[in-house]
Amino acid sequence: MIVMTTDTTTTPARGLLPLPERTARLTTAAGALVTALSTGLAWTWSSDFPGDLTYNFSPAGLQLVTLVGGLLTLLLAASALGVRGLQWLTPAGRNAPTLLAALATFAATWFTLISIAVQLGGLINLEPGGLLAAVASLITLLGALALPPDTPGDTAPAGGWQRFTAVLAASPVRRRTRELPSWAEILIIAAAFAAGLLAFTYGIDTDDGAPFVGYLLFMVLAVPALNRAGLIARLTALTRNHRGVALCAAFLSAASFPFTQDTDQYTIIGANILIFATVALGLNVVVGLAGLLDLGYVAFLGVGAYAAALVSGSAESALGLHFPFWAALLTGAAASLVFGVLIGAPTLRLRGDYLAIVTLGFGEIFRIAMLNLNGTTGPDITNGAMGIPNIPNLEIFGFNFGEPHEILGIPVATYGNYYLLMILVTAFVVLVFRRAAASRIGRAWIAIREDETAAIAMGINSFRLRLLAFALGAALAGLAGTVHAHVVTTATPEQFQFAGPQPPNSAFLLAAVILGGMGTLSGPLVGAALLFLIPAKLDFVQDYQLLLFGIALVLLMRFRPEGLIPDRRKQLEFHETGQLDVPDQRLPDTDATLGVTKAKA
Amino acid sequence: MTTAPSLAPATDTVLKADGVTMRFGGLTAVRGVDLTVGSGEIVGLIGPNGAGKTTFFNCLTGLYVPTEGTVSYRGTRLSRKPHLVTQAGVARTFQNIRLFANMTVLENVLVGRHTRTKEGLWSALLRGPGFKKAERTSEERAMELLEFTGLAHKRDHLARNLPYGEQRKLEIARALASEPGLLLLDEPTAGMNPYETRATQDLVLAIRAQGTAVLVIEHDMRFIFNLCDRVAVLVQGQKLVEGTAEVVQADDRVIAAYLGAPVDDNTTPDDAADPAPTAETPPTTDAPDPGGAPSADTAPDATPPADRPAQGPTGDTP
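Chains H and D, in that order, are what the protein sequence lines are. The opening position of the first sequence corresponds to residue -12 in this note's numbering, with each subsequent residue numbered one higher. The opening position of the second sequence corresponds to residue 253 in this note's numbering, with each subsequent residue numbered one higher.
If you are wondering where the hints come from, they were derived from the structure by calculation, not from laboratory data. Predicted, not measured: the structure shown is a model, and the values here were computed from it. Mixed in with the good hints, there may be bad ones.
Covered by chain H, per the in silico footprint, the following chain D stretches (three or more residues, Cβ under 8 Å) [claimed, not checked]:
1) 303 to 309
2) 344 to 350
3) 359 to 372
4) 377 to 383
Far from chain D, some chain H residues (derived; all Cβ distances over 12 Å) [unchecked claim]:
5) P5
6) T10
7) L73
8) S102
9) R163
10) G196
11) M206
12) A242
13) T250
14) A314
15) E437
16) E439
17) I447
18) Y531
19) L534
We put the CB at the ideal spot given by N, CA and C, even for glycine.
The whole structure should be built from the sequences, with the hints applied where relevant.
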């Protein structure tokens, strides 16, 4: 008994498997190397499996995921082994990221091989290359499981689950040892965004079904690996130093997406993601900044879409007008703005839950009103359930958005045009959001969200500012709605529901904001992209789509309540970490003052 | 009567509350209270718990609309909208700290500047030179206030992470950012240790030195009597006494209100008969209330009058 206790207190915390630390590291590195190499071999003999994994020396499809995973694990393991020149890869934890990367590689590889076996009927369909990949990724994982936790606790954790969480625990990011020149930092930002674009393009281009699930499995584990390694924290710090550059890089990489596409198959998804993301960002003004729960936000997208549809020259339009695009854009935004003020003025005097109920009602009223304005149950304005179809393609300065074009010598498909147009609208909304948030008005919104009574006592006219947030959010949604009407070419009531399996609906919008991170700029954009892409790609689970989606939301809110890209405030709110909010350069400062107060005492 | 209170109303009146009455249904929380605060004056408002001090504050700042009576600031009647009250020049702090917990220290003070800046949404979106200038001035002014309250080194901390005493200071800095002519402090030293209380006392004096009148609710008698030119006592919604510290301290009714009626002959036999239980029981019932040893400042108000007939007079003599 005594021996046991001394044993547990003196020995450093162990990994999950009993292996010497150095052996474990070497095993991991070697396994990762072999895993990466195995993607050079054919995994199966038949090209029936999507992605065609039948070539030697030419990784394709899901093999690319395994290749990237193997290399990532290898690099992280090498960095943990102390290889010179790789230390920058792990500014925070060393072992947790290695384990997560190994896990990601293992999951993606085994998922691929199992789905090959299942889809093609039996293990016989696996080539030796595939078996090698299976064994190598398993060995990598076993090696990584033997790595000790990054932050050895005071007492050895007792239960298996505790040991598991200890091994995966995050550790604080170390201070930077040397400063990089400014151009190098900008290069790193550019490279990071390019890598992000590549990863995203790969995801959007993968075939539905098994390949996308494999990709998703990998990403779900690999991104936390990068996070545990501290790379994401480093990148965030860099982008904070070079905000303008980071924004440019983000938009350039986003704008280059249609140039990577030959057909319209995925550019339409891209365009829809941007519309969805823009509306989510508009909702973020209302929910994230001003703290107003709006459950009927999609109605403002609908108002914009209908307004644009009515004035954009559709043959079925009751008005029969054909405005130029800029005028239609303004009409859509203005119509939404008017509705925002009309709904907001009487209801924004209410607090909290009441507002949510009223907005929920408004969303449904809008949809049903559009259904009923069909000529039989009301005046014929919206054509009822049929909607306003055949909205002609946009034409700006003779540039017809309905035809493929060559831009800078690279062919861009039809929806690529709309995608690029939408990029401009998104950029505008991003600009509005950023500038509004970082101003007297934005501070007043946040103050109202934090404590309305105190905000009023500070001289903030809470009703007026809430109305302003509501109206601004509505106008931004109307703006996106205008483009939405042109992209889908019809405006029907059923596009603007409270909840449904297709993304632009109020529930999904709210989920995108909360999932991404309330009050942040990039949060809703990322959240919206995921919320659109995942349901679109997981078509084959149609019946269970909403169920899986719900489970994913619950899990995310349990383990990361602040959202994927948290507001600094929220992060601190949900994870009490003492003084971690203190900016880097101010740490010595506070130490000094601590000393002073101690001296005084 | 010393010179300070007689001088102050003569100069000019910052705040004048006239017969303020606040009823909640059948309950009259504040009944016909008159109060004036002269410029450059520090006026204290004391009274037992539940006397209606905070309700009275809320009536002054427009958070409650008084059932009867008027409140005027520098001769003009105050609006019934709280944000307009602040704009007019009356700022306040709260009894239970109400900072914007997830904003940084600097942002909190910048929010306080809201009424003194005009930049609207268009200005924020277009970012003209006027906007940048206004932001810079606001930030400079906010930093001055943080220097003034000694929080400048914590400008980028979240308000929620400040220690208690500094949160109180920040709330004062935020209120000062609205450039008030009158500052209402609702128990600024509640929960502070003697060291912090003294620092707050200096801070309030420094605020007065800058020309801002102060009306302060407080339970810490030493703090009030050291600081205030005039003290008003509120008991059960009514103003009992108003005057200098000496006048209020000497008033029997105040002592009675805080500690119960003076000990009469019917209680003395009990005291004489068994002094041991009365001497021993109060500390035990008292221990969880104040932080450490029961001090003369905090003890009287912390316990209901009826609990401690024996200790009352001894507690008040210093």
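Practice problem: Go through the numbered hints given earlier and state which of them the structure violates, listing their numbers in rising order. | Solution: Hints 1, 15, 16 and 17 are the ones this structure does not satisfy, whereas the remaining hints hold.
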